[in-house]
Each structure stands twice: as C-alpha cells, then as structure tokens.
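There are 2 protein chains.
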Amino acid sequence: MSGLGEFDLIRRYFQRAVGPHRALLGIGDDCALLAAPAEGVLAVSTDMLVEGRHFFADMDPAALGHKALAVNLSDLAAMGARPVGFTLALALPDADERWLAGFSAGLFALADAHDCELVGGDTTRGPRTISITVMGEVPPSMALRRDGACPGDEIWVSGCLGAAAWAVDERLARDAAAQSAPIPGAESLDASLRAQAWQRLERPEPRVVLGLALRSVATAAIDVSDGLIGDLGHVLARSGQALASRVAAAGADTPAVLGATLDWSAIPCHAVLQTASVERRIQLALAGGDDYELLFCAPPSCRATIESISARLGLVLTRIGQIDVRPGVRLLDADQQPLPIHVRSFDHFR
Amino acid sequence: MSGLGEFDLIRRYFQRAVGPHRALLGIGDDCALLAAPAEGVLAVSTDMLVEGRHFFADMDPAALGHKALAVNLSDLAAMGARPVGFTLALALPDADERWLAGFSAGLFALADAHDCELVGGDTTRGPRTISITVMGEVPPSMALRRDGACPGDEIWVSGCLGAAAWAVDERLARDAAAQSAPIPGAESLDASLRAQAWQRLERPEPRVVLGLALRSVATAAIDVSDGLIGDLGHVLARSGQALASRVAAAGADTPAVLGATLDWSAIPCHAVLQTASVERRIQLALAGGDDYELLFCAPPSCRATIESISARLGLVLTRIGQIDVRPGVRLLDADQQPLPIHVRSFDHFR
Chain A
1 MSGLGEFDLI RRYFQRAVGP HRALLGIGDD CALLAAPAEG VLAVSTDMLV EGRHFFADMD
61 PAALGHKALA VNLSDLAAMG ARPVGFTLAL ALPDADERWL AGFSAGLFAL ADAHDCELVG
121 GDTTRGPRTI SITVMGEVPP SMALRRDGAC PGDEIWVSGC LGAAAWAVDE RLARDAAAQS
181 APIPGAESLD ASLRAQAWQR LERPEPRVVL GLALRSVATA AIDVSDGLIG DLGHVLARSG
241 QALASRVAAA GADTPAVLGA TLDWSAIPCH AVLQTASVER RIQLALAGGD DYELLFCAPP
301 SCRATIESIS ARLGLVLTRI GQIDVRPGVR LLDADQQPLP IHVRSFDHFR
Chain B
351 MSGLGEFDLI RRYFQRAVGP HRALLGIGDD CALLAAPAEG VLAVSTDMLV EGRHFFADMD
411 PAALGHKALA VNLSDLAAMG ARPVGFTLAL ALPDADERWL AGFSAGLFAL ADAHDCELVG
471 GDTTRGPRTI SITVMGEVPP SMALRRDGAC PGDEIWVSGC LGAAAWAVDE RLARDAAAQS
531 APIPGAESLD ASLRAQAWQR LERPEPRVVL GLALRSVATA AIDVSDGLIG DLGHVLARSG
591 QALASRVAAA GADTPAVLGA TLDWSAIPCH AVLQTASVER RIQLALAGGD DYELLFCAPP
651 SCRATIESIS ARLGLVLTRI GQIDVRPGVR LLDADQQPLP IHVRSFDHFR
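As you go down the protein sequences, you meet chains A and B in turn.
Each residue of the first sequence is one higher than the last, beginning at 1 in the numbering used here.
Each residue of the second sequence is one higher than the last, beginning at 351 in the numbering used here.
Check the hints yourself; a few may be wrong.
As the list claims (entries may be wrong) - One side of the interface only, derived from the structure: several residues of chain A facing chain B at Cβ under 7 Å:
no. : residue
1   : D30
2   : T46
3   : A91
Said to hold, decoys possible - Ranges of calculated distance between the beta carbons of each label pair, as one might list FRET restraints:
no. : chain 1 : residue 1 : chain 2 : residue 2 : range
4   : B       : A451      : A       : E307      : 48 to 54 Å
5   : B       : V607      : A       : R12       : 20 to 26 Å
6   : B       : G402      : A       : A176      : 27 to 33 Å
7   : B       : V559      : A       : D175      : 50 to 56 Å
8   : B       : R524      : A       : A191      : 24 to 30 Å
9   : A       : A35       : B       : A541      : 47 to 53 Å
Hints in this document: simulated from the structure, not taken from any laboratory.
Positions of the beta carbon are idealized from the N, C-alpha and C atoms, including for glycine.
Please put together the full structure from these sequences, using the hints given.
In structure tokens form, the structure reads like this:
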C-alpha cells in the first residue's frame with residue numbers, strides 16, 4: 001500500500017494546471033463555484049458504480065475512468081443538455097498510484113472531449129466505488145424529457161444494441177469455465193467483433209452531440225442503460241401520465257394509455273450477436289443494458305430532419321417502432337407476427 | 351432480503367408528494383432541472399460516507415440520513431451559500447425497508463429544515479456507501495472562500511469542539527473492551543454529557559444560518575471536519591498563496607507567509623472533555639474531526655458585529671487566535687507559553 005495521503009492524491013491526480021477551467025472556483029475550497037447558465041436551467045444527474053456490480057474488479061482503470069463519466073454524460077445527452085462540470089466521489093481500497101494515473105487519464109480525456117470540468121470531489125478509503133454528479137445546461141423549453149411522447153410518434157434509437165451485454169455474458173461464461181474445465185470452444189467469432197463488443201462495454205460513447213441536435217426534434221428521450229424495453233417502459237409510463245393529465249384538463253373522458261409496437265427486423269443489433277439465437281438476440285439487444293444509446297420519439301414529420309442529423313453526425317439512427325394507445329410493448333417479426341418478450345431489465349435490487 | 355425492486359424503493363422512500371419542489375423537474379427523468387440562481391453563482395460540494403470508516407455499521411439509520419446530508423450542508427455553510435438541492439447516490443447491501451424508512455426520514459427532516467430539495471439520485475446494491483452532492487447559491491462577491499485571510503485577522507470558531515471525536519474514542523474503547531474483558535470502569539461521566547457527545551457525532555448541526563450571516567463579515571471560512579489544526583492549515587495555505595500573488599503583483603519582494611497563533615485557554619472544548627488530560631483535550635478538540643463547526647477569520651474591527659450575530663443566532667462564537675506572518679500554527683497557554691501540538695488530522699488515506 002502506498003503512503004500517498006488524501007490531499008497529495010487529489011493534488012497529484014485530480015487537480016490540474018491545464019483543462020477547461022470555467023469554474024469561478026474549482027478544487028480546493030469547501031465548494032466549487034460555477035457561473036449560472038446564461039439562458040438555461042441546470043441539468044443534474046448522478047450515477048454510482050460499484051466494483052463487482054457495475055464493473056469487473058480487473059477492469060482497465062483508464063477505461064473505468066472513461067466509463068464512470070460516460071454514463072453520467074449519457075444522462076445529460078438524454079436531456080439535450082450541454083455538459084458544464086462534474087464532481088467525483090471516490091472510495092478506493094488503497095492509494096494505488098498506477099491505478100490512479102490510469103483512472104484519471106481516462107476520466108480527463110473524456111471530460112476534455114466534452115469540455116466538462118471536474119470542479120470538486122471527495123476521496124476516501126473503502127470498497128472501490130465511484131460516484132459522479134454531472135451538471136449541464138439546457139434552455140428549459142428544449143429539454144428532452146421522458147414525458148412528451150404522443151400516440152403516433154415514431155421510436156428511434158441511435159447506434160446499435162446488445163454488444164455490451166454480450167461482452168458481460170462472455171466474461172461470465174469464461175470465468176465459470178475457468179473454474180471447472182478448459183475454456184469452451186465457442187470462440188468462433190471474429191476477434192475484431194469481440195474487441196468491438198468489449199469496447200462498447202468498457203468505453204461507451206455518450207451521445208451528447210446527438211442530444212443537442214435533437215433539442216427541437218424529439219418529443220421524448222431516454223438513454224438506454226438498463227435495457228431498451230425497460231427504458232422504453234419509463235418513457236411510456238411518464239408520457240402516459242402526462243397525456244392523461246392533458247386529457248383530464250381538457251375535460252375529455254377518453255382513456256389515455258400509451259404503449260409501443262416495435263419492429264424486430266428493424267432493431268439495430270450489433271454484429272457480435274449475429275451467431276446468437278433469436279431468443280438470445282432479443283434478450284441482449286432489448287434487455288441487455290449498458291448500451292448508452294439514445295432512445296427517442298418524434299412525429300413522422302421529423303423523419304427527414306432526423307435522417308439529416310444522422311448523416312451530419314455520421315451516426316446511425318434507426319426507426320424501430322411507434323407509440324400507440326395499447327398498453328404494453330409488442331415486438332413484431334417481419335410478417336407482423338408477435339414475438340415473445342421474456343426479458344427482464346437490469347434492476348440493482350433484484 | 352426484501353424483494354423490493356430499485357424503482358419501487360425510489361418511489362417508496364425517496365420520491366415525495368410533499369416537500370419544497372423548487373426543481374422544474376425532479377426525480378424520475380434522466381436529469382433534474384433546476385432554475386439557475388437569480389443573482390448568484392452555484393456552489394457545489396460532494397461528500398462520500400463509507401460504512402466502517404465514516405460511521406459505525408450499527409448507526410441509527412435516521413441519524414445517518416441526517417449526518418450524510420449535514421456534512422454536505424456544512425460545506426455550503428462554510429461557503430456562505432444558501433442550500434438549493436442535492437442528489438443522493440446510495441449503495442446498500444440489501445433493500446431493508448426498516449433501514450430505508452429511518453434513513454429517508456432523517457434525511458428529509460434535515461433537508462426540509464434547510465429548504466433543500468432531493469432532485470435526483472441513484473441506488474444500487476453494494477457495500478453501504480452514501481454519496482451526496484449538494485448545490486447552493488451565493489452572490490460571487492460574498493462567497494466565504496478559504497483564501498481571503500490576512501495578517502492581523504482574528505480567528506473565530508462556532509460552538510464547541512472535541513465531543514464527536516470523544517464519542518468515537520469511547521465507542522472504540524468499548525468495542526475493544528468487549529472483546530477481552532468486562533467494560534472498563536471509566537464511566538464516571540454524567541450520562542447527559544455522554545448523550546450530548548453522541549448527539550454531536552451522529553447529528554451534527556450544519557451552520558448554514560451562520561454562514562449566511564458571515565457573508566459580509568468573514569475574510570475566510572472553512573468547516574471543521576478533519577480537525578481544527580488541519581483545517582486551519584488549509585486556510586493558511588490557500589490564503590498564503592493568494593497573499594503571495596497579491597504581493598508579487600504589487601512588485602514588492604516581502605515574503606508572504608501566513609501562520610497562526612492560537613490561545614489554548616480560549617478554545618471552546620465541549621464539557622465532555624472536562625475530565626480528560628490536557629494532551630487528550632488538545633488532541634480531541636484540535637485534531638478530532640467531525641465537529642462541523644465553522645472556523646472563520648475576520649479583522650478586529652468586526653468583533654462587535656460577530657458578537658451581535660452570536661447573540662442573534664443563540665450560538666457561541668469564540669475568538670481563539672490570530673493570523674500572523676510566522677509560518678506554522680502555535681498554541682499558547684494562559685501564560686503565553688507554547689504547548690506542544692502533536693496532533694494529526696484525519697486523512698482518509700493514512
């Protein structure tokens with residue numbers, strides 16, 4: 001164990017001479033001071049990553065530094081907010097300088113790419129746990145909330161799905177095999193595909209630029225962190241409640257329930273899923289979690305705009321279904337026949 | 351273990367129908383949306399509490415809910431900032447509903463007392479860890495920074511010191527005794543004093559109102575969390591750097607180093623320390639940590655103002671020493687003779 005003290009650790013790895021420095025007062029006082037967003041509201045989100053639950057204990061520290069911030073930036077992206085700054089609370093079993101150097105390098109590389117400043121934090125000894133609170137800004141009328149989806153809206157998703165969950169599965173299978181028998185022979189997949197899947201798990205790319213581009217386009221948005229079906233469920237629940245309020249306020253007595261129908265043939269599964277069974281592909285792509293793509297809704301009139309955003313950003317955006325007024329989520333195959341959805345989203349307490 | 355899921359847990363214990371509700375959008379979306387402070391800057395601070403390191407595993411959950419927020423509000427107090435809202439990231443070994451009910455009750459009682467809204471959070475399974483990020487507002491010119499102390503400023507502290515550290519010591523001694531022999535006989539202290547000390551450890555009162563009152567009075571402030579000597583050291587270091595910059599900018603070549611001289615007979619030790627030796631009282635009161643009082647500096651011309659603030663708030667404010675230009679911190683007895691300071695502040699990595 002290193003003799004590095006708490007304040008040396010902060011000074012050496014987290015207090016920087018270079019960087020964006022937009023805070024009026026950064027690390028080293030009781031609080032950071034941030035200028036209020038000029039014409040927006042402050043968007044705030046927090047995520048906690050626990051070793052053994054959200055990441056493997058042997059994860060490359062630079063990748064972990066990247067991912068810990070990425071999952072938070074992903075929440076800003078889903079809100080259409082522009083990153084401003086973040087705080088970092090870090091519990092570590094020891095002050096391992098090699099680990100700290102890697103972690104802070106990965107963290108700051110992503111922070112700088114998004115012009116998002118580390119403004120404060122706390123370090124302590126404890127089971128390895130990373131808690132980041134990120135702050136961004138967005139004009140209030142442009143925020144991409146979860147509650148604006150309407151019947152007839154089309155459902156879109158960025159990028160592709162399922163690769164991160166595939167990588168987790170592969171690792172768990174490898175660990176299980178190592179305990180009993182030789183590594184199984186099911187390693188026929190192309191090495192570059194496997195590497196891509198691991199990249200998706202360990203270095204997710206928060207869709208911040210997409211979120212900004214969707215500000216005046218999407219009626220609702222969420223980031224796909226716990227699995228698409230579950231996250232879509234959050235949009236349906238919140239948008240359904242909001243619709244019911246509007247219907248009630250208008251004095252109508254039409255029931256206002258929202259559901260969704262998804263087109264399985266349109267779902268952008270990552271290529272690493274190509275050899276998996278349909279059941280497994282549905283599970284990984286629609287309930288796998290850790291994708292950090294954006295799911296968003298928009299009226300059909302916005303198709304051309306969305307396609308031009310896709311072209312401009314060089315990011316695939318796929319129309320995968322539609323919001324309707326039948327409760328629940330339906331998955332249809334290419335012949336419009338229902339496919340069974342036996343998926344369960346990630347729940348940290350089950 | 352309870353079958354309570356993550357989203358039920360949040361709904362049941364952390365999403366409230368009542369409360370301040372100043373956020374434009376609170377719990378339940380990707381981010382919370384907060385209106386920007388009208389004429390201030392945003393003050394942000396974060397603290398992480400880990401079971402077994404910052405609190406005993408059997409700590410009353412309501413007290414823990416109080417303390418987890420109190421230590422963060424204390425940082426706002428030390429900045430002269432008015433609380434606005436906070437996020438909560440919570441790792442728990444299981445979804446124990448009795449624990450959650452107590453924790454959230456203690457948390458919200460303090461939050462409501464300071465009109466500070468829970469705007470978002472994250473819950474996950476893991477070793478019990480609580481990370482709160484608190485946000486407040488302060489006009490930038492009125493922020494109580496650490497770097498404004500000047501030679502000749504008097505050093506003040508609120509309340510009394512050492513009781514929380516005494517309670518920790520008592521508990522550790524009791525635990526050690528329980529493992530080997532009967533509980534030791536050194537229990538001659540009055541039960542109400544002991545209870546007061548435990549109250550100080552478990553339910554510290556963040557000095558938010560004092561921080562607001564000191565806005566146009568104090569030249570520097572910090573909350574006493576790691577021990578007075580260590581925390582005063584942070585003020586001296588930051589203020590010394592700032593002074594050196596000003597001296598250099600003015601073209602002068604006088605060395606600018608700040609130190610402090612403290613008057614031991616003035617230090618407001620908690621009554622629970624009355625039977626302890628001088629050495630132990632110095633250790634507990636000046637290096638004990640967990641007091642969450644405010645240490646602040648102000649020119650002698652502010653004495654009357656500070657005394658009137660003390661009377662108005664019903665809070666003892668004690669003048670304990672003076673900023674000078676000799677490096678280091680000196681502790682003098684009633685005869686102006688130096689007392690040895692062999693204290694070490696709390697360091698999370700040593």
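May I ask which of the numbered hints given earlier this structure violates, with the numbers listed in increasing order? 8
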